[in-house]
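J.: Sequence:
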Amino acid sequence: MKTIRVQDITQSHRAISALDGEVVFKKIIDSFGKNQPVMLDFEGIDLTITAFLNSSIGKLYSLYSSVQIKELLDIKNLPSEEVQLLKLVIDRAKERFSKEYPDELDNIDFVNED
Numbered sequence: 001m002k003t004i005r006v007q008d009i010t011q012s013h014r015a016i017s018a019l020d021g022e023v024v025f026k027k028i029i030d031s032f033g034k035n036q037p038v039m040l041d042f043e044g045i046d047l048t049i050t051a052f053l054n055s056s057i058g059k060l061y062s063l064y065s066s067v068q069i070k071e072l073l074d075i076k077n078l079p080s081e082e083v084q085l086l087k088l089v090i091d092r093a094k095e096r097f098s099k100e101y102p103d104e105l106d107n108i109d110f111v112n113e114d
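Each residue of the sequence shown is one higher than the last, beginning at 1 in my numbering.
If you are wondering where the hints come from, they were derived from the structure by calculation, not from laboratory data.
Hints may be right or wrong, so weigh each one.
Said to hold, decoys possible - Straight-line Cα separation of at most 27 Å, DSS-like style, residue types lysine-lysine; simulated pairs:
hint	residue 1	residue 2
1	27	70
2	70	2
3	70	34
Unchecked claim - Label pairs and their computed distance ranges (CB to CB):
hint	residue 1	residue 2	range
4	98	8	31 to 39 Å
5	19	75	15 to 23 Å
6	65	11	28 to 36 Å
7	95	5	23 to 31 Å
8	91	11	27 to 35 Å
9	70	5	15 to 23 Å
Everything numeric in this text was worked out from a predicted model, so none of it was measured.
Think of the CB as a built atom: it goes at the ideal place given N, C-alpha and C, for glycine as much as any other residue.
Could you put the whole structure together from the sequences, leaning on the hints where they help?
T.: This is how it looks when you write it as structure tokens:
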């Protein structure tokens with residue numbers, strides 16, 4: 001099992017950057033591609049926001065099924081108050097990346113009435 005320490009990526013006690021989340025995502029999919037389980041360790045992280053979680057974990061649902069993710073990804077040391085946030089991100093990702101999600105929702109028309 002490969003361990004990815006979030007703090008090693010963020011170089012901080014906060015996981016707030018979508019760019020840092022993207023780095024984590026790439027490390028996870030690299031391991032998943034080798035069928036290697038991943039332990040995502042949040043030790044030392046005091047604050048996590050959805051931008052980071054969406055880009056690091058939520059995006060996994062665009063490539064892998066819930067079953068595959070459950071088999072290959074473990075998360076530890078995520079503060080209890082952040083667990084609910086992660087559950088929300090996962091629920092939204094499942095909805096967003098499901099086959100039932102209407103494609104037309106991706107096409108937003110912007111109208112300026114100046």
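J.: Hint by hint, note whether the structure agrees.
T.: For each hint, the structure was consulted:
1. 27 x 70: 17 Å, holds
2. 70 x 2: 15 Å, holds
3. 70 x 34: Status holds; Cα separation ~16 Å.
4. 98 x 8: 31 to 39 Å: At roughly 33 Å between Cβ atoms, residue 8 and residue 98 fall inside 31 to 39 Å, so the hint holds.
5. 19 x 75: 15 to 23 Å: Holds, since residue 19 and residue 75 (Cβ atoms, about 20 Å apart) stay within the stated range.
6. 65 x 11: 28 to 36 Å: With a Cβ separation near 32 Å, residue 65 and residue 11 satisfy 28 to 36 Å, so the hint holds.
7. 95 x 5: 23 to 31 Å: 30 Å, holds
8. 91 x 11: 27 to 35 Å: Holds, at about 30 Å.
9. 70 x 5: 15 to 23 Å: Given a distance of about 21 Å, which is inside 15 to 23 Å, the answer is holds.
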